[in-house]
Each structure stands twice: as C-alpha cells, then as structure tokens.
Amino acid sequence: MGIKGKDLLTVEQLTREEMETIFHTAREMKGIISRDIKKVPTLRGKVVITLFYEPSTRTRASFELAGKYMSADVVNLNIATSSVVKGESLKDTGLTLQVMGADIIVIRHGMSGAPKMLGQYVPARVINAGDGYHAHPTQALLDMMTIKEHYGEIKGLKVAIVGDILHSRVARSNMEGLLKLGADVWFCGPPTLLPAGLEKTGVKVTPDIEEALQNAQVAMMLRIQLERQKAGLFPSLREYSRLYGLTSQRLKLADPHCLVLHPGPINRGVEISGEVADGVQSLINEQVTNGVAVRMALLYLMLGQKGE
Amino acid sequence: MEYILKGGVVIDPKTDMEKRLDIHVDNGKIKALGSNITEKNIETIDAAGRIIAPGFIDLHVHLREPGLEAHETIATGCRAAVAGGFTTIAAMPNTKPCADNEAVLELIKNRADRLKLARVLPIGAISKGQQGEEISEIGSLYQTGAVAISDDGKPVVNSEVMRRALEYTQIFGIPVISHSEELHLKGDGVMHEGYWSMLLGLAGIPAQAEEVMVARDLILAELTGGQLHLAHLSTRGSVELLEFYLDKQVKVTAEVTPHHLLLTDEEVKEYNTSTKVNPPLRSRDHVEAVRKALKKGTISCIATDHAPWSEEEKEQEYNKAPFGISGLETAVAVCWDTLVVKGGFSPKELIARFTTGPAGVLHLPCGTIAQGAEADFTVIDPNLTKQVDTALFYSKGKNSPVNGRSFRGWPVMTIVGGNIVMKDGVVAD
Numbered sequence: 001m002g003i004k005g006k007d008l009l010t011v012e013q014l015t016r017e018e019m020e021t022i023f024h025t026a027r028e029m030k031g032i033i034s035r036d037i038k039k040v041p042t043l044r045g046k047v048v049i050t051l052f053y054e055p056s057t058r059t060r061a062s063f064e065l066a067g068k069y070m071s072a073d074v075v076n077l078n079i080a081t082s083s084v085v086k087g088e089s090l091k092d093t094g095l096t097l098q099v100m101g102a103d104i105i106v107i108r109h110g111m112s113g114a115p116k117m118l119g120q121y122v123p124a125r126v127i128n129a130g131d132g133y134h135a136h137p138t139q140a141l142l143d144m145m146t147i148k149e150h151y152g153e154i155k156g157l158k159v160a161i162v163g164d165i166l167h168s169r170v171a172r173s174n175m176e177g178l179l180k181l182g183a184d185v186w187f188c189g190p191p192t193l194l195p196a197g198l199e200k201t202g203v204k205v206t207p208d209i210e211e212a213l214q215n216a217q218v219a220m221m222l223r224i225q226l227e228r229q230k231a232g233l234f235p236s237l238r239e240y241s242r243l244y245g246l247t248s249q250r251l252k253l254a255d256p257h258c259l260v261l262h263p264g265p266i267n268r269g270v271e272i273s274g275e276v277a278d279g280v281q282s283l284i285n286e287q288v289t290n291g292v293a294v295r296m297a298l299l300y301l302m303l304g305q306k307g308e
Numbered sequence: 001m002e003y004i005l006k007g008g009v010v011i012d013p014k015t016d017m018e019k020r021l022d023i024h025v026d027n028g029k030i031k032a033l034g035s036n037i038t039e040k041n042i043e044t045i046d047a048a049g050r051i052i053a054p055g056f057i058d059l060h061v062h063l064r065e066p067g068l069e070a071h072e073t074i075a076t077g078c079r080a081a082v083a084g085g086f087t088t089i090a091a092m093p094n095t096k097p098c099a100d101n102e103a104v105l106e107l108i109k110n111r112a113d114r115l116k117l118a119r120v121l122p123i124g125a126i127s128k129g130q131q132g133e134e135i136s137e138i139g140s141l142y143q144t145g146a147v148a149i150s151d152d153g154k155p156v157v158n159s160e161v162m163r164r165a166l167e168y169t170q171i172f173g174i175p176v177i178s179h180s181e182e183l184h185l186k187g188d189g190v191m192h193e194g195y196w197s198m199l200l201g202l203a204g205i206p207a208q209a210e211e212v213m214v215a216r217d218l219i220l221a222e223l224t225g226g227q228l229h230l231a232h233l234s235t236r237g238s239v240e241l242l243e244f245y246l247d248k249q250v251k252v253t254a255e256v257t258p259h260h261l262l263l264t265d266e267e268v269k270e271y272n273t274s275t276k277v278n279p280p281l282r283s284r285d286h287v288e289a290v291r292k293a294l295k296k297g298t299i300s301c302i303a304t305d306h307a308p309w310s311e312e313e314k315e316q317e318y319n320k321a322p323f324g325i326s327g328l329e330t331a332v333a334v335c336w337d338t339l340v341v342k343g344g345f346s347p348k349e350l351i352a353r354f355t356t357g358p359a360g361v362l363h364l365p366c367g368t369i370a371q372g373a374e375a376d377f378t379v380i381d382p383n384l385t386k387q388v389d390t391a392l393f394y395s396k397g398k399n400s401p402v403n404g405r406s407f408r409g410w411p412v413m414t415i416v417g418g419n420i421v422m423k424d425g426v427v428a429d
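Protein chains in written order, with this note's numbering: chain A, 1 to 308; chain B, 1 to 429.
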C-alpha cells in the first residue's frame with residue numbers, strides 16, 4: 001500500500017488507512033536510524049530534489065538524511081543561489097528539475113498553494129514540506145507518530161495547540177489529522193492570532209491558556225515570530241510570554257503525563273520556558289528523530305512502491 | 001443596411017413590453033415595430049425562438065489600453081464585448097497612463113470608434129494620476145466624453161477628496177463610481193476571510209473591508225447630494241447600508257458582478273488563480289444577499305468588472321497573481337443560467353439589470369426598443385446550452401473561473417447601430 005494521490009499536499013487528503021500505513025512504516029524506518037551503519041539500498045537510482053524557498057533546518061536536513069539513508073540521490077536546491085533570484089517562475093523551475101530526472105520534489109514555499117501548483121506542472125511526485133499558512137503534512141504526521149508512540153491511541157486525547165494559530169501551517173495540518181483520528185483538539189491564542197472560520201471545524205477555541213491546558217494530554221506550543229508584533233497582532237514578546245508561555249507552573253494544570261511538543265525552532269523563555277523544553281515531559285528531540293523516520297516512510301511509500 | 005428581424009420575442013423593460021414582434025431596421029435606427037412586418041426586397045433575419053433585448057450595457061470594463069496591451073487591447077476587449085452580447089461598455093480609467101486627461105480619453109474613443117464594434121464610453125479618473133490627492137480636470141474629461149469618474153482599482157482614501165469629487169461632479173451631472181475598500185482591513189488578504197481562507201492558509205479580506213468604505217461613501221453622498229455609484233458590491237452588509245440610504249433618498253446606485261452572483265469562496269480551494277478577484281468571492285450568505293438585492297432592484301445593474309490578465313500573470317502563486325476575472329464573454333450566460341433558469345428571475349427582470357439599470361446610472365439614452373431609437377440589440381437564445389472554453393475567448397484574458405462549465409441561455413447575436421457585429425458567437429471582421 002502506498003500513497004494514493006500523486007502528490008502529498010495535506011493531511012486532509014490522506015485516509016486513516018494511509019496514515020496508519022505511514023506510522024507503521026515510519027516505526028520500522030526508525031530502526032534504521034539507530035543502526036551503526038545507516039544505509040539501506042531501497043531507493044538506489046532514485047532522485048529526490050529539495051526545493052526550499054524558505055529557511056529550514058529540521059525539515060530540510062531530515063528529508064536529505066531520509067533520502068540518503070535509503071540510498072537515493074538527493075540534491076538540495078539552494079534558492080538564494082539559484083535562478084529563482086533571477087526571476088524564474090515556480091513553473092519553469094519545476095519543469096527544469098523535472099527534465100533533470102527528479103522522481104520526487106520536496107518543496108517548502110512561503111505561499112500557500114505553491115506545492116499544489118508545482119504538482120500540476122510536473123509529473124514527478126511532490127511532497128509539501130510546508131506552504132505558507134496552509135499545510136505542513138510531514139510535521140503533523142511526525143507529531144501524531146510521537147503522540148501514538150506514547151499513548152498508543154490518539155482517539156479521545158485532549159490536545160492543546162497554543163500560539164499563533166493564524167499563521168501556522170503546523171496547527172492546520174495537526175487539526176486535520178488529529179480530528180480524523182478522534183482527538184479532542186483545542187486551539188488557544190490571543191484572538192488576534194486566531195483565524196476566522198474555525199466554528200465549522202470541530203476544534204474548540206479559547207483565548208484562555210488555563211482552560212486549554214486543563215487536563216490536556218498533549219500540549220503543543222507554536223513558535224511566535226517577532227514580525228507578528230510588528231504587524232500589531234500583540235504588543236510585545238514580554239507580554240505574550242506572560243500570557244501564553246508554557247511554564248512549569250502552567251503545565252501542572254495539564255494531565256500529569258501530558259506530553260510537551262514543539263515543531264521548533266523554539267524561542268526559549270518566550271512560548272516555552274527552558275525548564276519545560278528540557279524537562280521530562282518534553283518530547284521535542286524525539287519529534288526530530290521521528291521526523292526523519294516519517295520522511296523515510298513517505299519517500300519509501302511514494303518511490304519504492306512505484307511501478308509495483 | 002436594412003433588414004427585418006423576424007419572429008423574436010421583444011423584451012423591453014423600459015416600456016414594460018414583452019411581445020412577439022418584428023423589427024424593421026434601417027440606417028442604424030428602428031424604423032418600425034409590428035406584429036407581422038413584410039416588405040418585399042428587404043432581407044429578413046429569422047429570430048424565431050430568440051429573445052430580442054435592447055443592447056446590453058456593461059458599465060465596468062477594463063480595456064487595459066493604453067499601456068497594458070499584453071493583457072487586453074481596445075480591439076480585443078471590444079470583440080470580447082460584442083461576443084458576450086454587449087453593445088455598450090464603459091472603460092475604467094486605470095490604464096497607463098491613466099485616463100485623467102483628455103489625450104487618453106481621445107485615444108480610447110478614437111481607437112474604439114474605428115473598430116465599429118461596441119460603443120465605448122470612457123470613464124475619467126477622480127483624482128490626478130489616480131493618486132487620491134487632487135481631483136482631476138473633471139470638466140475637461142466630461143467635455144471629452146467621460147460618462148462618469150472613478151479611481152477604480154483603488155479607493156479614494158482621503159475622505160475630503162471624495163467629498164469634493166461628489167460635489168464637483170454636480171456641475172456635470174455624472175456619477176462618481178466608488179471602489180469601496182478600506183485598505184488596512186484588507187491588508188495582504190487575497191480571498192474572503194472565513195472558513196475557506198482558514199483552511200487554505202490564505203490571508204483573508206473581511207466583508208467589513210468593503211462595508212466600512214461603503215458606509216463612508218454613502219455618508220458623503222448624503223452630505224453632498226452628489227451621485228454615487230457603488231462598484232462591485234459583494235456583501236450582505238453593503239446591501240443593508242445601500243438600502244438604508246436608498247430609503248433616505250440619497251442618490252446612490254450599485255452594481256454586482258456575475259461572479260459574485262454565482263460563485264462562493266469555496267471555489268478557491270484548488271488555488272486556481274482565476275478565482276482571485278477583488279472584492280473576493282464571498283461565502284454563500286453574501287451571495288444570497290446580493291442576488292436578493294438584484295431581484296428587488298436595489299442593486300440595479302450587473303457589471304462584469306472585466307479584468308483580463310495574461311496567462312503569465314495568472315500562472316503564479318496565488319498570493320502573487322493579480323486580482324481579476326475576464327468576464328465579458330460569460331456574463332450573460334452565467335446570469336441567465338443562474339438567475340433566470342435557476343434563480344427565479346423573469347427574463348425581463350434580468351434584462352433590466354443589463355439595460356435600464358446601467359443606462360440610468362450613466363444617464364444614457366440607449367437601453368430601449370422603440371421606433372426611432374438606435375438599433376442596438378442583444379439577441380438571446382434562452383435554450384442554448386454551451387460549455388465555456390476560454391481558449392475560444394476573443395479577450396486576451398483567459399482568466400475565467402467558469403472555464404469548462406455549462407450554462408443555458410447565450411447571446412447569439414449582437415447588433416450595434418444596425419450592424420450585426422456578432423452572430424452565433426462569431427464576431428464580424
């Protein structure tokens with residue numbers, strides 16, 4: 001069983017069965033990462049190109065490693081030194097990569113919908129590594145994998161996602177996946193950072209972090225960006241931290257086993273205190289490892305399965 | 001050219017007529033109307049099963065020329081207009097340079113006249129350079145043929161300038177067409193703010209970005225007694241404000257576009273940049289509200305806001321692509337299908353929104369079928385079902401969100417000043 005759609009653009013497009021297949025495959029892949037010799041020949045002769053229009057450490061490195069652990073040829077296109085700075089359109093960049101022989105193009109783009117557009121122009125399979133405020137499916141999959149490893153089941157868990165929901169593709173993709181798997185999803189943040197239109201989704205929304213954390217089994221903190229302060233969406237990082245930062249004190253409101261997640265990179269002392277980030281309940285580093293495993297699983301399911 | 005249009009049902013909202021009538025056209029005018037005109041040696045054109053309406057008027061078109069000819073020219077725009085059943089179009093002034101001076105107006109008129117297709121009425125700019133700072137030479141523009149003034153494409157941010165424009169135009173009796181939008185509330189929005197913008201991760205434009213400015217413009221219209229025309233109304237709140245001020249007898253009219261009557265923000269979900277338009281496609285409740293207002297007549301006109309863009313422009317990321325829909329060649333069919341076939345409008349009600357409505361706004365003599373009047377007709381086949389194919393557009397702008405959809409009720413003949421400029425979708429050379 002692979003991934004049915006040509007491209008992986010959202011969590012929404014995946015069936016529950018596809019998600020389970022990804023989690024299951026990722027658990028097996030995780031075994032490879034902990035080996036001494038981290039190399040299997042599965043994707044030999046396959047070409048993976050990463051096309052990142054936005055900076056990234058984790059996502060890009062994990063896609064690159066995921067490909068390399070499975071012997072694919074991985075090329076990272078650095079946009080800052082590519083023809084894009086000369087004004088080449090996304091369409092033309094995609095077509096160029098296609099004729100060079102790309103089997104999978106992994107794209108990160110600041111504008112929502114760009115990966116979908118790329119997928120319409122190229123026959124290669126496209127993986128969305130984050131587009132605008134829209135979707136970040138591989139992040140949500142690794143988050144869900146991490147939660148599943150600890151709880152076994154996602155159904156019925158109270159998951160509080162706290163922070164800049166308005167600009168967060170991580171929040172949207174997790175919402176889609178977690179709701180599909182039956183979680184009780186809460187969005188929490190100042191009303192200026194909560195998007196309109198959440199009523200129809202089934203997510204519970206509150207500006208009150210204490211209400212959101214109350215008995216939560218998972219607390220997912222989102223990165224707050226200084227630009228949002230400049231746009232007038234909150235007055236200062238200091239006040240934001242005071243109202244929405246996850247401290248040990250606040251974490252006590254949650255279930256005693258509550259997991260703390262963060263997609264990174266974290267702002268220590270802003271949305272999360274250093275103490276909590278490094279504490280026993282934090283799985284922030286586990287998320288990173290699972291990120292490599294999930295991306296290996298996806299490359300395998302989308303490339304290894306081709307032609308079968 | 002002399003001929004008899006035979007056997008069609010003539011619908012003229014101005015005289016409240018709906019009747020099977022023959023029309024005798026001679027020398028560009030209507031020579032006679034009668035239930036059975038037979039003249040020897042005069043050509044007859046069979047119009048049986050067709051509806052003959054006064055020539056349709058579109059008071060909101062972007063022809064792009066001068067300056068933006070990659071996207072449309074006066075020639076391609078006029079072909080698109082008559083292909084879509086319009087005999088008269090009003091051209092918005094946001095060209096390059098913009099129509100804030102007589103030279104640009106003359107250029108548009110001259111090039112349009114030479115084509116002998118649609119009648120093109122230029123709209124002048126409200127402010128010099130459309131900068132919103134000083135009012136343009138509105139008197140000179142009026143004397144050169146401007147039928148209205150507008151800074152369409154952007155709002156007049158400065159309320160004082162808007163006030164002066166609404167006052168000064170009273171010398172000439174022409175309307176100020178307002179593009180009502182509060183730019184800060186719009187922000188970097190690219191679609192309607194709501195459920196779909198949230199899911200798609202696209203920055204939203206709240207309905208209130210329009211409504212705040214509609215309210216201001218109505219308040220200024222009341223203050224000044226000037227004639228205000230609200231372009232592309234798209235929200236329920238705007239309709240409520242409009243109706244409130246109509247009750248107060250303020251001189252205000254409004255238009256709605258075919259796309260705001262048919263489509264909702266859900267259309268954006270494939271990130272098709274042809275759905276990117278300003279004001280944005282709204283949610284269902286707003287669509288219902290503008291339809292209802294159009295039926296009541298508080299919104300008196302349908303206007304296309306025809307905004308053609310080249311494929312390169314629209315083949316970009318959704319955020320980057322420009323706002324606008326190429327609407328001239330689908331407007332009549334979209335509205336006939338949506339409103340007459342499925343929406344409870346009578347043919348006469350719809351025809352009025354394309355004729356007497358816009359003629360009233362611009363104080364035009366056209367828009368009626370009567371002896372001695374100009375022979376401008378839009379002939380509609382109410383039973384023709386056809387699929388939209390943008391590859392066949394005369395317009396350079398293929399940016400249509402209804403490409404591939406089928407509609408019932410198409411214009412099959414366009415007659416301007418007695419000349420048949422379009423027949424069965426084919427524009428005369």
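Derived by calculation from the structure, the hints in this document are not laboratory data. The beta carbon of each residue, even a glycine, is placed where N, CA and C say it ideally should be. Don't take each hint at face value.
Cut-off 30 Å, straight-line C-alpha distance, at most; resulting in silico cross-link-like pairs (DSS-like, lysine-lysine) [what the hints assert, rightly or not]:
| no. | chain 1 | residue 1 | chain 2 | residue 2 |
| --- | --- | --- | --- | --- |
| 1 | B | 269 | B | 320 |
| 2 | B | 109 | B | 31 |
| 3 | A | 155 | B | 269 |
| 4 | A | 180 | A | 230 |
| 5 | B | 320 | B | 292 |
| 6 | A | 91 | B | 96 |
| 7 | A | 86 | B | 320 |
| 8 | A | 38 | A | 86 |
| 9 | B | 96 | A | 200 |
| 10 | B | 109 | A | 86 |
| 11 | B | 320 | A | 6 |
| 12 | B | 154 | A | 200 |
| 13 | B | 398 | A | 91 |
| 14 | A | 200 | B | 320 |
| 15 | A | 91 | B | 320 |
| 16 | A | 86 | B | 292 |
| 17 | B | 269 | A | 6 |
| 18 | A | 200 | B | 31 |
| 19 | B | 398 | A | 6 |
| 20 | B | 269 | A | 180 |
| 21 | B | 154 | A | 230 |
| 22 | B | 269 | A | 204 |
| 23 | A | 91 | B | 269 |
| 24 | A | 68 | A | 6 |
| 25 | B | 154 | A | 4 |
| 26 | A | 230 | B | 320 |
One side only, chain A facing chain B, incomplete, derived with CB under 7 Å [what the hints assert, rightly or not]:
| no. | residue |
| --- | --- |
| 27 | 112 |
| 28 | 132 |
| 29 | 134 |
| 30 | 195 |
| 31 | 234 |
| 32 | 238 |
(message) Please list, smallest to largest, the hint numbers that this structure does not respect.
(response) Hint check: 4, 5, 8, 9, 10, 12, 16, 18, 25, 31, 32 fail, others pass.
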